[in-house]
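A.B. asks: Construct the complete structure from the given sequences, taking the supplied hints into account.
Given next are the chains, with one letter for each unit.
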Amino acid sequence: MFTIDNLCGVPVYEQIVRQTETFILRGILPPDAPMPSVRAVATQIAANPNTIQKAYTNLLSRGLIYAAPGKGSFVSAEAKGILRAELEKQLDTVERLAAQFASAGIDKQAVLQAVERGYSGKS
Amino acid sequence: MINAINVTKKFDDFTALDNVNLSVQTGSIFGLVGSNGAGKSTLMRVMSGVYSADGGTVTIDGEDITNRPGVRRNLIYVPDDLYFLPGSSMDRMAKLCESTRARFDRELYASLAEQFEADRKKPIHAMSKGMKRQAALILALASRPDILLIDETFDGLDVIKRHHMREIMVDAVAERGLTVIMATHSMHEVDDMCDAIAMLHKGHINVQSDIQEVTAALVKVQIAFPQAFDEDAVRFDGANIVSFRCDGTVATVVYENDRDLVEHELKAKHPVLMNLLPLSLEEVFIYKCQ
Numbered sequence: 001m002f003t004i005d006n007l008c009g010v011p012v013y014e015q016i017v018r019q020t021e022t023f024i025l026r027g028i029l030p031p032d033a034p035m036p037s038v039r040a041v042a043t044q045i046a047a048n049p050n051t052i053q054k055a056y057t058n059l060l061s062r063g064l065i066y067a068a069p070g071k072g073s074f075v076s077a078e079a080k081g082i083l084r085a086e087l088e089k090q091l092d093t094v095e096r097l098a099a100q101f102a103s104a105g106i107d108k109q110a111v112l113q114a115v116e117r118g119y120s121g122k123s
Numbered sequence: 001m002i003n004a005i006n007v008t009k010k011f012d013d014f015t016a017l018d019n020v021n022l023s024v025q026t027g028s029i030f031g032l033v034g035s036n037g038a039g040k041s042t043l044m045r046v047m048s049g050v051y052s053a054d055g056g057t058v059t060i061d062g063e064d065i066t067n068r069p070g071v072r073r074n075l076i077y078v079p080d081d082l083y084f085l086p087g088s089s090m091d092r093m094a095k096l097c098e099s100t101r102a103r104f105d106r107e108l109y110a111s112l113a114e115q116f117e118a119d120r121k122k123p124i125h126a127m128s129k130g131m132k133r134q135a136a137l138i139l140a141l142a143s144r145p146d147i148l149l150i151d152e153t154f155d156g157l158d159v160i161k162r163h164h165m166r167e168i169m170v171d172a173v174a175e176r177g178l179t180v181i182m183a184t185h186s187m188h189e190v191d192d193m194c195d196a197i198a199m200l201h202k203g204h205i206n207v208q209s210d211i212q213e214v215t216a217a218l219v220k221v222q223i224a225f226p227q228a229f230d231e232d233a234v235r236f237d238g239a240n241i242v243s244f245r246c247d248g249t250v251a252t253v254v255y256e257n258d259r260d261l262v263e264h265e266l267k268a269k270h271p272v273l274m275n276l277l278p279l280s281l282e283e284v285f286i287y288k289c290q
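Which chain is which? The protein sequence lines are A and B, in order. This note's numbering puts the first sequence at residues 1 to 123. This note's numbering puts the second sequence at residues 1 to 290.
Simulated from the structure, these hints should not be mistaken for lab results. Any given hint could turn out to be false.
Claimed, not checked - Computed, partial: chain B to chain A, Cβ under 10 Å:
1. 28
2. 164
3. 170
4. 171
5. 175
6. 193
7. 211
8. 213
9. 278
Built from N, CA and C at the ideal position, the CB exists for glycine as well.
C.D. replies: In structure tokens, the structure reads:
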């Protein structure tokens, strides 16, 4: 399920977390979908199981997945909503960036067009 | 869990290990790195019971291994200088393993030998270095140990076999909580496989932690000011500068400080350029062992 980029310098556990977030947002991992077992992922990408566990612990602590004892981990029903809320917190980053663009004299239209492109590029 | 507690080991006047403390959690893939002659192999031999420590103890799940071979019965040590019975083939060695290791699994042995296309009947001494190591690893893994100590883990194995060995090891760790301690020179290997490491230098441990913390302990900064400057320009209260290299107006500085602190303090000096860069494990090792 996961494809690891060994050259990009981003730690494996972070890649797993990011990819899971993307899958959840795009509906590839719908609510209550089973997550592959730590063991399966570790063996598939030949990575340390503790690393995979770290990624799963992160997802668990954020409420994106839940564990059913003896059955494994599954995507939470609220996962998409949780991710949306987390992302919304980053709106002030956009504001800050906009302020920086403004003070550098960058045209507001250019910024708005970039936002448009971002929205039309994704579903 | 396997612990080395205040372990000291001397050879005549030479102190190979000086009050070494190591703690390895069950199910961890632990990397033991160090400069040549730092004491990695000695430590492995003490932890596996091949050598007795002159001071301190080694415990497995809290039990002292000294003079109690039973405690070590599910620990297997694969040294860097491999030993096989003279003239033996893998099958002959398998027979020996079977009689000396309670958990030796014949089917697993056969399966592994097949997966790695190993010649079970060929005399091992006639094999290449890589094939000998492969034979040793197959026999070790087929014995289903709880703890595996490997010196120079994949030395000589080709890329494909290396990858396959990793898959098998990782599977054993995930499935039954195998603990692996690997002594190695290869930072790449450690980066790929280990969740925690310790660095040995001249008989002392100078770093021990999980991988993320180790690389976060040092901060590398590329910094520039409009005029030429020296080390004082990048110093601040509490700065621990490990390395300063400057050519003209751009310097590379390595701090042993918290990253946010470094960023905050240096920003206040209004540099023209400032980049905080990640350090590779190899770089951390070099800086720590200088």
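A.B. asks: Against each hint, give a clear statement of whether it holds in the structure.
C.D. replies: So, going through the hints one by one against the coordinates:
For residue 28 of chain B, the interface hint holds, the least distance from its beta-carbon to any beta-carbon of chain A being 6 Å, beneath 10 Å. The interface hint given for residue 164 of chain B is met, as the beta carbon of that residue sits about 8 Å from the closest beta carbon of chain A, less than 10 Å. Against a cut-off of 10 Å between C-beta atoms, the interface hint on residue 170 of chain B holds, since the closest Cβ of chain A lies about 5 Å away. With its C-beta approaching chain A no nearer than about 5 Å, residue 171 of chain B sits inside the 10 Å limit, and its interface hint holds.
Checking residue 175 of chain B against chain A: minimum C-beta separation of about 6 Å stays under 10 Å; hint holds. Hint status for residue 193 of chain B: holds, given a least beta-carbon distance of 6 Å to chain A, under 10 Å. Of the supplied interface hints, the one on residue 211 of chain B holds, with its beta-carbon coming within about 9 Å of a beta-carbon of chain A, less than 10 Å. Against a cut-off of 10 Å between C-beta atoms, the interface hint on residue 213 of chain B is violated, since the closest Cβ of chain A lies about 12 Å away.
Using the Cβ-Cβ criterion of 10 Å, the hint placing residue 278 of chain B at the interface with chain A is satisfied: the shortest such distance is roughly 7 Å.
Hint violations for this structure: number 8 only, all remaining hints satisfied.
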